[in-house]
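Novice: So the sequence lines, in the order shown, correspond to chains A and B.
Residues in the first sequence are numbered from 1 upward in steps of one, following the working numbering.
Residues in the second sequence are numbered from 116 upward in steps of one, following the working numbering.
Treat the hints as calculated values from the structure; they're not laboratory data.
Given the structure is predicted, the values throughout are model-derived calculations rather than measurements.
The C-beta atom is built at its ideal place from N, Cα and C for all residues, glycine as well.
Worth double-checking, as some hints may not be accurate.
To be verified - The calculated label-pair distances, taken between Cβ atoms and stated as ranges, are:
id: 1; chain 1: B; residue 1: M126; chain 2: A; residue 2: E18; range: 37 to 43 Å
id: 2; chain 1: B; residue 1: K193; chain 2: A; residue 2: V103; range: 17 to 23 Å
id: 3; chain 1: A; residue 1: L115; chain 2: B; residue 2: R158; range: 22 to 28 Å
id: 4; chain 1: B; residue 1: A131; chain 2: A; residue 2: E85; range: 40 to 46 Å
As the list claims (entries may be wrong) - Derived pair list, reagent style EDC-like, types lysine to aspartate or glutamate, alpha-carbon separation capped at 20 Å:
id: 5; chain 1: A; residue 1: K83; chain 2: A; residue 2: E53
id: 6; chain 1: A; residue 1: K57; chain 2: A; residue 2: E85
id: 7; chain 1: A; residue 1: K42; chain 2: B; residue 2: D141
id: 8; chain 1: A; residue 1: K42; chain 2: A; residue 2: E85
id: 9; chain 1: A; residue 1: K42; chain 2: B; residue 2: E125
id: 10; chain 1: A; residue 1: K57; chain 2: A; residue 2: E68
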Amino acid sequence: EPEVTQTPSHQVTQMGQEVILRCVPISNHLYFYWYRQILGQKVEFLVSFYNNEISEKSEIFDDQFSVERPDGSNFTLKIRSTKLEDSAMYFCASSRIFSGANVLTFGAGSRLTVL
Amino acid sequence: AQTVTQSQPEMSVQEAETVTLSCTYDTSESDYYLFWYKQPPSRQMILVIRQEAYKQQNATENRFSVNFQKAAKSFSLKISDSQLGDAAMYFCAFLPNTGNQFYFGTGTSLTVIP
Numbered sequence: 001e002p003e004v005t006q007t008p009s010h011q012v013t014q015m016g017q018e019v020i021l022r023c024v025p026i027s028n029h030l031y032f033y034w035y036r037q038i039l040g041q042k043v044e045f046l047v048s049f050y051n052n053e054i055s056e057k058s059e060i061f062d063d064q065f066s067v068e069r070p071d072g073s074n075f076t077l078k079i080r081s082t083k084l085e086d087s088a089m090y091f092c093a094s095s096r097i098f099s100g101a102n103v104l105t106f107g108a109g110s111r112l113t114v115l
Numbered sequence: 116a117q118t119v120t121q122s123q124p125e126m127s128v129q130e131a132e133t134v135t136l137s138c139t140y141d142t143s144e145s146d147y148y149l150f151w152y153k154q155p156p157s158r159q160m161i162l163v164i165r166q167e168a169y170k171q172q173n174a175t176e177n178r179f180s181v182n183f184q185k186a187a188k189s190f191s192l193k194i195s196d197s198q199l200g201d202a203a204m205y206f207c208a209f210l211p212n213t214g215n216q217f218y219f220g221t222g223t224s225l226t227v228i229p
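Whole structure, please, built from the sequences with the hints as guidance.
Specialist: Right under this line is the structure:
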């Protein structure tokens, strides 16, 4: 069964450093997403991406964050100048269609620890 | 704004028994979808079951079924004949028909006791 693949599974970084989290969505999916979960809190929507541009983003997704699809397979989340509160599990997801019947396929997550 | 509440941080069930996980939500939307996702330890979230709000009939998927009470904004998950492989974090999620942003609850950690 097709999977969404995320790398790295765990990254430790110093505060102020830049981090890039990578995702390989399912090949025939057209919509891509990033969610995050701070330990003990809800899974929160960050951004959705379609046709090489952001289609929706949350208040969390400020200028510190950016997303990119640099080639036909990867979908990346860049976090500039990381802060302690960016420590979280980041989930990538993809879906084939955009509709109310949308079903997301999630990756296993990338755990980011900011020291 | 949409909110999803899972009031049970942890639940346990004996193998082969039945357990019900609770979820309530708040929305002003009339058309939406509700989901239960399962996340085993160190694994990706996978879809367990989905319910369309316009359908009155409760969704079922093998041993998994939901009790959808639209007026009460309640969406509980029942797992029958619990198996060891059911042990995981379970997330309830809401998706308005007008958008593609999922709203999740905080999750319920289910332990299955042999």
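Novice: To test your reading of the hints: which numbers does this structure violate?
Specialist: Failing hint: just 5.
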